[in-house]
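Peer 1: Chains A and B, in that order, give the protein sequences.
Note that this note's numbering numbers the first sequence so that position 113 is 113, with each residue one more than the last.
Convert by adding 202 to the 1-based position in the second sequence; the result is the number in this note's numbering.
Calculated from the structure, these hints are not laboratory results.
Treat the hints loosely; a few may be bogus.
Said to hold, decoys possible - If you want the footprint, here are the derived chain A segments under chain B, 3+ residues with CB under 8 Å: (1) 18-31; (2) 96-109.
What the hints assert, rightly or not - Each pair of labels, with its calculated beta carbon distance range: (3) A:129 - B:743: 55 to 61 Å; (4) B:601 - A:30: 56 to 62 Å; (5) A:129 - B:566: 36 to 42 Å; (6) A:114 - B:599: 34 to 40 Å; (7) A:125 - B:578: 15 to 21 Å; (8) B:602 - A:3: 42 to 48 Å; (9) A:114 - B:703: 24 to 30 Å; (10) A:191 - B:566: 41 to 47 Å; (11) A:76 - B:566: 35 to 41 Å; (12) A:110 - B:535: 29 to 35 Å.
Glycine included, C-beta positions come from ideal geometry on N, C-alpha and C.
Each chain, letter by letter, is given below.
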Amino acid sequence: MSKCQNIYLVDDDEDLRLAIKTTLSMAGYKVYDFASAEAFLEVVDEGTCGCLVTDLRLPGISGLVLQQQLNERHINIPVVIITGYGEVNDSVRAIKAGAVNFMEKPVSPTALLEQVAEALRLDDSRQEYLAMQARFDDLSPREKAVATLVVAGKTNKQIAQELQISYRTVEKYRAGAMLKLGLENVVELSHFVHRYVHAVTI
Amino acid sequence: MASNKTPDYIAMSDGELYDSLDAVTQRCEEERPHDTGQGDANELRLYQIELEMQNRELSTAAAVLEESRSHYAELYDYAPVGYVTVDRTGTILDINLTAASMFGRERRQLVGRPLSLYLAQGNAQELLSFLRKIPDGVQSDRSAQLEVQTRDQGYGTRDLRFLGVTRTLPGAEFPERRLVIYDITDEKLHQENLRLHSLIMENMREGVLLLRQSDRVIIETNPACDRMHGYAAGELKGQSLIALDSCKVQAGRTMLDRLQPLAPVLPLEWEEEYQRRDGSRFWCEASAYSFAHKKYGDVWLIVQRDVTERHRVQQQSRERQAALAHVTRINTVGELAASLAHELTQPLMTVEHVNHAAIALLQQSSAPPQQQEVLELLHTTERQLQRASEIIFHMRKFIRYGELETRSVTVAELIEASLALTYPLLRDNRVSIENKNDTPQLRVMVEPVQVEQVLVNLLSNSVQAMKKANSPQRHIDIAVDPQGAEVKISIRDSGPGLPPGINEQLFDVLQTDKEDGVGMGLAISRSLIQGHGGRLWAGEQTSGGACFCFTLPVAAREGDADE
Chain A
1 MSKCQNIYLV
11 DDDEDLRLAI
21 KTTLSMAGYK
31 VYDFASAEAF
41 LEVVDEGTCG
51 CLVTDLRLPG
61 ISGLVLQQQL
71 NERHINIPVV
81 IITGYGEVND
91 SVRAIKAGAV
101 NFMEKPVSPT
111 ALLEQVAEAL
121 RLDDSRQEYL
131 AMQARFDDLS
141 PREKAVATLV
151 VAGKTNKQIA
161 QELQISYRTV
171 EKYRAGAMLK
181 LGLENVVELS
191 HFVHRYVHAV
201 TI
Chain B
203 MASNKTPDYI
213 AMSDGELYDS
223 LDAVTQRCEE
233 ERPHDTGQGD
243 ANELRLYQIE
253 LEMQNRELST
263 AAAVLEESRS
273 HYAELYDYAP
283 VGYVTVDRTG
293 TILDINLTAA
303 SMFGRERRQL
313 VGRPLSLYLA
323 QGNAQELLSF
333 LRKIPDGVQS
343 DRSAQLEVQT
353 RDQGYGTRDL
363 RFLGVTRTLP
373 GAEFPERRLV
383 IYDITDEKLH
393 QENLRLHSLI
403 MENMREGVLL
413 LRQSDRVIIE
423 TNPACDRMHG
433 YAAGELKGQS
443 LIALDSCKVQ
453 AGRTMLDRLQ
463 PLAPVLPLEW
473 EEEYQRRDGS
483 RFWCEASAYS
493 FAHKKYGDVW
503 LIVQRDVTER
513 HRVQQQSRER
523 QAALAHVTRI
533 NTVGELAASL
543 AHELTQPLMT
553 VEHVNHAAIA
563 LLQQSSAPPQ
573 QQEVLELLHT
583 TERQLQRASE
593 IIFHMRKFIR
603 YGELETRSVT
613 VAELIEASLA
623 LTYPLLRDNR
633 VSIENKNDTP
643 QLRVMVEPVQ
653 VEQVLVNLLS
663 NSVQAMKKAN
673 SPQRHIDIAV
683 DPQGAEVKIS
693 IRDSGPGLPP
703 GINEQLFDVL
713 QTDKEDGVGM
723 GLAISRSLIQ
733 GHGGRLWAGE
743 QTSGGACFCF
753 TLPVAAREGD
763 ADE
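Put together the whole structure using the sequences plus the hints.
Peer 2: Structure below.
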């Protein structure tokens with residue numbers, strides 16, 4: 001069971017929207033439904049967790065444009081796009097833009113539930129990633145630098161030389177970083193940095 | 203005192219002469235017993251008077267005779283027929299003025315010359331044998347007739363008929379022939395015209411029928427008429443018009459009905475299908491003219507033409523057009539398929555989800571579901587299934603072959619049906635529609651699906667044009683404008699409009715700028731509208747966008763279609 005059970009549903013067909021909402025609600029999800037992409041864009045922010053299920057064809061902003069705008073705002077919530085008929089070009093674009101899946105109507109309740117579960121799993125790891133990134137961001141610049149150099153295979157002595165600080169100070173930063181990141185050893189640190197840290201300015 | 207002078211009797215008037223006669227006679231009586239010697243003189247005077255009187259009577263008789271002679275000469279000369287007297291060789295002995303004018307000559311030029319000189323070349327020999335054959339005495343035997351032609355001397359020829367008798371004058375060595383000449387030029391011309399007319403009647407392809415108005419009996423037909431109706435030549439003559447009317451294929455007005463009005467607009471014209479006795483059918487186009495005939499009174503002259511072939515070609519072209527229209531409709535549905543399929547999956551998916559929820563509700567073991575809750579779900583599915591059937595209904599109606607049958611529908615219905623098909627397309631392309639109609643009850647006699655096809659074609663053209671041009675404002679305005687006997691329907695969009703000067707090319711076959719169109723839409727739309735007696739054209743682009751208009755004849759009254 002994923003940690004975040006929020007599903008944001010965008011569809012302009014009221015009956016269909018309510019039908020999907022029922023399916024999802026009865027499966028235990030918390031569903032927020034919107035008649036248009038614009039309405040959803042008003043409430044969503046970077047901290048929004050869960051997944052988005054949207055129709056491709058919408059009055060006003062279409063599903064594809066919605067996805068683009070979310071990307072532009074760095075809201076990387078998983079997106080499941082539901083579409084009508086034969087819109088292959090659109091589906092390719094949607095997948096390239098990072099959609100979890102592109103489902104052709106009619107989408108059965110089972111298939112939708114599977115996709116939503118998959119999307120929420122993705123969201124879990126995204127949330128975890130975000131949390132880990134946030135932890136790394138909490139480190140002081142010295143701690144970040146030391147941690148990065150440790151992962152790069154440098155000894156404490158080499159790091160002290162490079163950063164022109166004392167050996168003892170390096171040890172202190174290293175211990176501090178390990179503590180703040182909740183890690184036990186160098187192997188774990190190495191994994192963490194490779195997974196969550198892209199670049200560090202030293 | 204008696205005078206010895208002899209009076210001038212010649213100078214006396216008739217009365218004076220009688221008085222003188224009386225006086226002289228009396229004197230003779232008185233003087234005779236006395237014998238005065240005057241007796242001889244009196245006798246002489248008496249003779250003188252008597253002679254004068256005799257002389258006067260004679261000259262009177264001569265004058266009467268002369269007058270009589272000139273009377274008969276005039277009768278002879280100016281008789282309405284020609285008289286000519288010839289000898290046995292045909293030399294003209296005498297000729298009256300009428301005959302002379304028939305030959306175009308003066309009498310003096312003719313007398314003493316052979317009659318054959320003035321006849322057409324082939325007739326000379328005939329004349330000679332005719333002269334030989336003429337029997338004695340007056341006769342009326344037709345064998346003693348000869349018809350000849352005058353020689354053409356630059357004034358045309360005349361046709362003459364000779365009738366002859368032979369007379370031998372007392373003391374004459376040979377008998378002479380007296381010929382009566384009738385000028386039969388006009389008669390001949392008349393006969394020739396009659397022959398020509400009957401030739402025309404017999405050989406013309408149109409059937410001609412002459413009908414007596416008083417009792418509607420067929421007086422005369424030509425062979426084409428008999429043949430057309432499947433009768434033997436002359437068989438129709440004398441029959442009643444009912445004989446033909448009873449062979450009509452369709453019910454409705456008979457010829458009798460059509461010829462009934464008191465003051466018809468002439469000529470009356472109609473077309474009707476008939477069945478012959480052998481079962482074959484033909485279409486007949488007829489026109490009737492009324493006129494008064496000397497013998498038959500008022501008659502109808504009915505000229506008929508077999509137009510079966512034309513009807514066959516028309517029918518064929520109607521069928522072909524219907525087939526073509528059908529193919530185009532299927533093509534149109536193909537173009538609309540994406541939006542229509544989407545439109546169908548929508549309710550289907552809704553139903554699936556609602557159903558899924560309903561089942562889950564009913565299977566819940568913990569809390570029994572509220573009846574109201576399930577009912578609501580079922581109402582939703584019902585609504586959605588209706589929505590799906592409606593889409594299928596419109597689509598199926600649209601791609602059905604069509605019955606080629608017209609019926610009375612409101613213009614509003616036609617527009618609604620076409621919007622039902624194009625609504626998804628319009629919505630997907632964010633096109634708003636204004637459908638303004640102040641006359642929702644206005645009816646037209648049409649084959650509905652064909653007009654819907656035209657509307658769908660025009661709407662989808664507008665959508666494609668606005669989509670292609672990426673128009674920011676996408677709007678279509680449908681206007682219904684009754685104009686007397688017809689109604690104008692205009693479709694105006696807010697797209698880029700038509701390039702100037704290509705208006706008429708638009709209606710050419712294979713003209714398209716659509717990627718998936720075959721370019722027949724407008725050409726077929728136009729011919730479909732024309733088939734309904736209307737027009738279709740590219741209208742004024744007052745607001746920049748394209749505008750297409752078409753007209754349809756308005757149905758006379760609501761309910762007329764049931765007639």
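Peer 1: None of the hints should be skipped; say for each whether it holds.
Peer 2: Evaluated hints:
1. Given as covered by chain B, the region 18-31 of chain A passes the check, having 6 residues with a CB less than 8 Å from a CB of that chain where 3 are the minimum.
2. Counting residues of the region 96-109 of chain A whose beta carbon lies closer than 8 Å to any beta carbon of chain B gives 5, which reaches the threshold of three, so the coverage claim holds.
3. Taking 55 to 61 Å as the suggested C-beta distance range, the pair residue 129 of chain A and residue 743 of chain B conforms, at roughly 58 Å.
4. Between residue 601 of chain B and residue 30 of chain A the beta carbons are some 45 Å apart, a value that contradicts the proposed interval 56 to 62 Å.
5. Taken as a hint, the range 36 to 42 Å holds for the pair residue 129 of chain A and residue 566 of chain B, whose Cβ atoms sit roughly 37 Å apart.
6. For residue 114 of chain A and residue 599 of chain B, the hinted distance range of 34 to 40 Å is satisfied, since their beta carbons lie about 39 Å from each other.
7. Distance hint check for residue 125 of chain A and residue 578 of chain B: the Cβ-Cβ separation is about 38 Å, which falls outside the suggested range of 15 to 21 Å.
8. About 56 Å separates the C-beta atoms of residue 602 of chain B and residue 3 of chain A, a value inconsistent with the hinted range of 42 to 48 Å.
9. The hinted range of 24 to 30 Å is not satisfied by residue 114 of chain A and residue 703 of chain B, whose Cβ atoms lie roughly 58 Å apart.
10. Between residue 191 of chain A and residue 566 of chain B the Cβ separation comes to about 45 Å, which falls inside the hinted range of 41 to 47 Å.
11. A hinted range of 35 to 41 Å for the beta carbons of residue 76 of chain A and residue 566 of chain B is consistent with their spacing of about 36 Å.
12. Taking 29 to 35 Å as the suggested C-beta distance range, the pair residue 110 of chain A and residue 535 of chain B conforms, at roughly 32 Å.
Of the numbered hints given earlier, the model fails hints 4, 7, 8 and 9; all others are met.
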